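Protein chains in written order, with my numbering: chain A, 1 to 586; chain B, 1 to 680.
Honestly, the hints are just simulated from the structure, not real lab data. Take these hints with a grain of salt, some might be off.
Below 20 Å or equal to it, Euclidean Cα-Cα: the simulated EDC-like pairs (lysine to aspartate or glutamate) are [claimed, not checked]:
#1 A/230 to B/439
#2 B/132 to A/420
#3 A/377 to B/124
#4 A/377 to A/512
#5 A/262 to B/334
#6 B/162 to A/428
#7 A/412 to B/108
#8 A/196 to B/575
#9 B/405 to A/420
#10 B/396 to A/5
#11 A/397 to B/108
#12 B/30 to B/575
#13 A/451 to B/118
#14 A/218 to B/334
#15 B/132 to A/428
#16 A/196 to B/439
#17 A/158 to B/134
Source: prediction; values computed, not measured.
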Amino acid sequence: MPGLDPITLTVIQSGLQQVCNEMDLAFVRSAFSPVISEALDRSDGIYERDTGELIAQGELGLPVFVGTMQFGTQCVIERAKNLKDGDLYIVNDPYLGGTHLMDVRFVKPFFYQGELFAWLANTGHWPDTGGAVPGGFSANATEVEQEGLRLPPVKLYKAGVLDEEILSIVLSNIRIADQRIGDIKAQAAALSVGEKRFTELIDRYGKDTVLKGIGELKQRASQQMRARIKNIPDGTYLGEAFVDSDGVVDEPLRISMKISKKDTELHFDMSGSSPPCQGPMNSVIATTRSSIYLAIKHIFPEVPINAGTFDPLHIKDPEGTFLYARYPRPVSGCAAEVSQRIAEAVFSALVQAIPDQLFAAPAGTSGNFCLGGFDPKRERSYVMYVISGGGYGGNPKGDGLSNGCSTIGISKTTPIEVMEQYYPVLFEEYSLHEGSGGAGKQRGGFGVNYKVRLRRGNAKASMVMDHGRSGPLGALGGENGGVNRVRIESHGDTYIPPHLSKDQNIMIREGDTIRVSTPGGGGFGTAFERDPERVARDVNLGYYTAEEVRKRFGVVIDAAGQLDKDATKNYRGKFSKFQDCPNTVG
Amino acid sequence: MQQIVGVDVGGTFTDLILIDEQSGGVRISKVPSTPENQAFGVMSALKKSSAILPDLNILIHGTTVTTNALLERKVSRLGLITTRGFRDVLELGRRTRPKPYGLTGSFECLIPRNLRLEVQERIDSDGEVLEKLDETEVRKAVQTLLELGAESLVIHFLHSYKNDSHEKEAEAIARELWPTSFITRGSALVSEYREYERGTTASINAAVQPVLNRYISSLREALKDEGYSRELLVMQGNGGTVSSNIVTEDAVKTVMSGPASGVMAAAFTAGQSGFMNVVTYDMGGTSCDVGLIVEGIPQVSSELEIEYAMPIHVPMVDVHTIGAGGGSIAWVNDAGLLQVGPESAGAQPGPICYGKGGARPTMTDANLVLGRLNPEKLLAVDNPVFLEKVRELLMKEVGHPLGLKDAEATASAILRIGNTNMAGALRLMSLARGHDPRDFVLFAFGGAGPLHATALAREMGIPRVLVPMRPGITNAVGCVAADVRHDYVRSINLPLEHVDMEIVRNAFETQIREGKDLIEREGIEIEEMIVVHDVDMQFQGQTHILSFTVDDPRVSKSRLRSSFEEAYWNRFSVELPEIRPVLVNLHTAVIGRRKAVPLTSLMPLKNEWKNSNECQKGTRAVWFEQGWQETPVFHREPLCPGSRITGPALLEQMDSTVVLDPRDALEVDSFGNLIITLNS
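If we strip away everything but chain A, and leave its shape as in the complex, we get:
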């Protein structure tokens, strides 16, 4: 069979991409969950009829869903029966190709001229799916049942008609249920937009051409990824990263990442990682794989995403580790936190191989903080979520970005003025986490400090964050970024969570404050090689103190705040090697 000409192929590639982009757009504009509409925590894609492999995915989708959705679709295909046009499956089971329970997937068979042609699917993060704590991030859950309602693939719509009985089961088991019907309709309508546009595409180019194009595009993406991999020197690269704790047992969890590169393929071996944990920091295999995919996509952002992209990436199932969770291990932390540590481990391995294409580690935590209580003035219960960013790592192009989004997300934070309107809190500070950028030739970006006071009533605070124990890794001699800190002041007492970055149901009373400082990015290259003028500017802007830069950058700033060039030269000369002062910053 002759291949398609490359021009038609590119045209079909853009066509498939546009179908997905329009689904993304429709979903985000009509969703109710702010996690979807503002935080963009959703993704839409097209999947192969028999294998469920990824054909195309929206460019505006949440990175962590890059790989998971094809595994989720595969699990639906295995169980699908009596398919009719207009059927739509709902599923959120983490062990069936998912992430955590809050990521609810809709999977819809796509029929063309009466025949099953492909699958359309999307995922959206619902604000709540039941469980022990509002929002689902229970820091000390020990079984998935404590995390919320778990749905196997069931037909929520049958031949286009919403099944009211299934709907009522769902709505009876989740919080803030009254708005979920809005999300359900938005999520389903987005797939209908996709159906319409995909049909138009096939009408125009013909069924055979589109199918042939899909097959060939997969091959081409693989070829493109292989071309990138080929430029990595052959060898084995070791990387690692640590999760502070699992939220239950106060011990770090280790991710061991051994990446072997040969010819045009990469092999990932994580078998040296910690065993499954009691708390919710286990990762299901779909999320583990997806985290590696998204790390690679961050390194090679220009490679388009379809099943072929992943073809040269071989991931050995990390059986027996916390990166291969099985029922009933709790998993709420996998999408938001463990995924970012896996990516960090990939970065830390590959920065040794291709430093000019990498960067030091980014803050890498979503900073989930949740405050739930009762507002006596407005006489209503509330659940407030705060997410936060941190510094990105220094890189060959420049310093790291400050307050960058989590590695796996693309979500914006909610404005303070909005949170104060809805919840009985007062923010007293939202500032740059000074000193947190890891020193380096290119320094890390800075994290954020925020301090929030409860104005009325009582509440309970929970959090799932990370990098409280050790900061994001520096690279090529750069210093680690500053650590995450949480500090609660309650009527004269100070409380620091024993696990530093994870805790649950902390009693907060009227007038108490919670202060969070998020991590800075790792430094890139030796700090003593950083241009002293740039260090002086950093001091002038208050990013570091004069005292800090002497120790961390070997730069001497005089009493008037001016750079002392001679003293700097002398000082740097005395210490031939970079002074290591990890994890003690800001």
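Given chain A, work out where chain B should sit, using these hints.
Chain B alone, transformed into the frame defined by chain A:
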């Protein structure tokens, strides 16, 4: 004698149109823009048009001074006074990164951190004062900023949209001490919640105020020297104009005014020709701008981002820029697939055919190889590049790697991919918001717009294309067509059922009064005052809003509800009777309609009109899907109304070329516009 001049400064050229209302005559001039001081270009355009300045009645000006200053960060040194604890809000932003993938890139705040000072004060979300403003601290901060050399000042406090008393008190103190008028109060520009966006909008205003002020003063001075001292109006991003006397106060509103005037011209021109639903498409060398006009009204947005992390939350014509233009480079990626853009050859080195050293094929080169552009006109005269050389490089860079048989096949592949990408991006920015392409016309302008228009329309399913009489000076036409306009917004943010409609009515009426007062203050001659009210609504729990127009400030609750539900259905095909609607914002645009410009005057004088046979200059071989075709070439300008031409054809005019595909036909309407019907 009544003479009107519109002059628009673009990136490359300064365009001018002079309309003499009495004689119906029109004069056009195009001169290179002068970025160091745009006033030089404006004056030389006036000179070239032989305008006699003392005879002019009104001059309307579109300038990119503020946009350029911002994008190049050549702005004034500015300082910030803000609520204690929050000076970093403007640097930290809302936790984003420049692109979804890739963890590099940077952001530089417009205000350096040491010029961002905090003072004691706090107001809560109900507008209640929790901590009084410390006036001594304000005074000290103002002095410090002056010592640090700040030229303009931003005062930005939390929740000032709800209670602006602290901002006003601080402003009063600052005004006593500040040597210039360049003080921006956050809530004065945007009375909406969201501290980052409101503060950034205010900073942008303060950053460009001195720049705009210097420019407008120097332009007025230059005009005065030549004897012109009547009204100078300046275009704003909302598609309206404002008197140059007060333009500096809200300088941020002039950002993006260029693209806005293009859309205004499109609304005006297409409307006169009877087309109310329009996708506008302006293609230049490095990018194209797309806008949307629904039922005659250019769509406006208050949530534009001029670049990464630089939101401007004042109402502006909703124009999206796509990084594709004539200079977009064609290349083969390592998957062996042809890509067009996003890299552009720009003006330097430019396309291969410009002869400035460019060696990578662009869309312009492809158009040349296929005979769509006139080789005699386009090929560089100073450093001649021969067509053979262009063909050779096309093959080397694209044709051979893809195994294509010749330069024609390569060039047409480049155009096909380029057009597909542009059409997709255009769709996403316009029609994907729930519109049926069959109801629309594609309004193509800019140097390269008419060249690609029919291909894009075909791709998007739009049945008709309108190419205006003067596609190369559309923005200048927008200047003369634009009305005086001021926008106001008030946040309500309550479930509709709890809204006191008396408050809605009062809010609308206050906004109307403010607008009318301001127009009177400007003293511009207008024919009538028009008021347009829009509301933003959402279902409770959503964060995105949907806007629609209401006819009457005394609108009823039930009417608001049904209009919203209808708009929601049209956009998303979803009904949500289960959920309560929320009234978010009330917008009022007060428009002072100036005397209409006779558009027929854009055409040549009647005695110069010719029929299509007389306009044919000859033929040229042009490549279409079916291969080379000997194609008639027409001189476009003198084509008389009613002329019909069937494809294939090329129509050439001063700065633009229209390609008519063999499948299509066109007719010249009574304003000289080309109306192309696809597949006729």
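Outcome of the hint check:
Pair hint residue 230 of chain A plus residue 439 of chain B does not hold up; C-alpha atoms about 50 Å apart against a cutoff of 20 Å. Between residue 132 of chain B and residue 420 of chain A the CA atoms are separated by roughly 19 Å; this keeps the pair inside 20 Å, and the hint holds. For the suggested pair residue 377 of chain A and residue 124 of chain B, the alpha carbons sit about 15 Å apart, so the restraint of at most 20 Å is met. For a cut-off of 20 Å, the pair hint linking residue 377 of chain A to residue 512 of chain A stands: about 17 Å separates their Cα positions.
Proximity of residue 262 of chain A to residue 334 of chain B is assessed by CA-CA distance (about 19 Å); at most 20 Å being required, the pair is judged to hold. Straight-line distance between C-alpha atoms of residue 162 of chain B and residue 428 of chain A comes to about 18 Å, which keeps the hinted pair within the 20 Å bound. Of the supplied pair hints, the one linking residue 412 of chain A and residue 108 of chain B holds, its CA atoms being roughly 18 Å apart against a limit of 20 Å. Taken as a hint, the residue 196 of chain A and residue 575 of chain B pair is honoured in the structure, with Cα atoms around 19 Å apart against an allowance of 20 Å.
This hinted pair does not check out: residue 405 of chain B and residue 420 of chain A have alpha carbons roughly 65 Å apart, beyond 20 Å. Distance check on the hinted pair: residue 396 of chain B and residue 5 of chain A sit about 18 Å apart at the alpha-carbon level, within 20 Å; holds. Taking the CA atoms of residue 397 of chain A and residue 108 of chain B, the gap is near 15 Å; set against the 20 Å cutoff, the hint holds. For a cut-off of 20 Å, the pair hint linking residue 30 of chain B to residue 575 of chain B is broken: about 52 Å separates their Cα positions.
A hinted pair counts as satisfied when its Cα atoms are at most 20 Å apart, and residue 451 of chain A with residue 118 of chain B qualifies at roughly 16 Å. The straight-line distance between the Cα atoms of residue 218 of chain A and residue 334 of chain B is roughly 14 Å, inside the 20 Å bound, and the hint therefore holds. Distance restraint check for residue 132 of chain B and residue 428 of chain A: the Cα-Cα separation of roughly 15 Å lies within the 20 Å cut-off, and the hinted pair is therefore satisfied. A distance of roughly 18 Å separates the Cα atoms of residue 196 of chain A and residue 439 of chain B; the hinted pair therefore holds under the 20 Å criterion.
Restraint check: the Cα-Cα separation between residue 158 of chain A and residue 134 of chain B comes to about 64 Å, which exceeds 20 Å; the hinted pair is violated.
When held up to the earlier numbered hints, the structure conflicts with 1, 9, 12 and 17 and fits the remainder.
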